[in-house]
Amino acid sequence: EPEVTQTPSHQVTQMGQEVILRCVPISNHLYFYWYRQILGQKVEFLVSFYNNEISEKSEIFDDQFSVERPDGSNFTLKIRSTKLEDSAMYFCASSAGGPSDTQYFGPGTRLTVL
Amino acid sequence: GENVEQHPSTLSVQEGDSAVIKCTYSDSASNYFPWYKQELGKRPQLIIDIRSNVGEKKDQRIAVTLNKTAKHFSLHITETQPEDSAVYFCAARPQGGKLIFGQGTELSVKP
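Chains as they are written, first to last, in our numbering: chain A, -18 to 95; chain B, 989 to 1099.
There are no misleading hints in this set.
In silico DSSO-like links for lysine-lysine, alpha-carbon gap of 30 Å or less:
1) Lys23/A <-> Lys1046/B
2) Lys1010/B <-> Lys1046/B
3) Lys1045/B <-> Lys1059/B
4) Lys64/A <-> Lys38/A
5) Lys1046/B <-> Lys1098/B
6) Lys1098/B <-> Lys23/A
7) Lys38/A <-> Lys1010/B
8) Lys1045/B <-> Lys1056/B
9) Lys1030/B <-> Lys59/A
10) Lys1046/B <-> Lys1056/B
11) Lys64/A <-> Lys1030/B
12) Lys1059/B <-> Lys1010/B
13) Lys64/A <-> Lys23/A
14) Lys23/A <-> Lys1030/B
15) Lys59/A <-> Lys23/A
16) Lys1056/B <-> Lys1010/B
17) Lys23/A <-> Lys38/A
18) Lys23/A <-> Lys1045/B
19) Lys1059/B <-> Lys1046/B
20) Lys1030/B <-> Lys1046/B
21) Lys1045/B <-> Lys1010/B
22) Lys38/A <-> Lys1056/B
23) Lys1010/B <-> Lys23/A
24) Lys1030/B <-> Lys1045/B
25) Lys1098/B <-> Lys1010/B
26) Lys59/A <-> Lys38/A
27) Lys1045/B <-> Lys1098/B
28) Lys23/A <-> Lys1056/B
29) Lys1059/B <-> Lys23/A
30) Lys38/A <-> Lys1030/B
31) Lys38/A <-> Lys1059/B
32) Lys1098/B <-> Lys1030/B
33) Lys1030/B <-> Lys1010/B
Keep in mind the hints are simulated off the structure, nothing from the lab.
All chains should be built: construct the whole structure from the sequences, respecting the hints.
Dropping the structure here:
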């Protein structure tokens, strides 16, 4: 069964550094999402992406964040200048036919900002 | 704003008993309500979902009920097993595709 994949599984970075988190959505999916989960807390929506543009973003998704689909398979989340409070698990998700479809989550990237 | 409240935060049951987790949502335009199971350090896995045109859905030992008037939905697990132990998240989808998650329920099934 196809799955969403994410790399790396764990990223450690220094405060102020840029990080890029990578996701490969399920191949025939068209809608892509990033969520984050701070340790012990709930999953929070960051951004949704369709047709090469952002559909919706949350208050968390400020100017330090950007997303890109650089080719036909990858979907990336960039944090330009990381802060301590960016430390979290970042999940990518994708869905097939539209916002009404089931979202399938990747295994996550644990980001640790020191 | 859009919000989902989930209770209880922790739930401990004996193997074979039933477990019920409840959620309420704020946005009456929400039309899709999935439940995810998350084992420690792993991705959220969809276990069941319900759409707003249905009041109840069942899949083996798992069932979900939806009360649109009360903006309330619940997860019911019967004949619980130790492998059901995990954190369960409810979610609601208001207009658009994003999911708004509840705070999670840590379910512990004791053998």
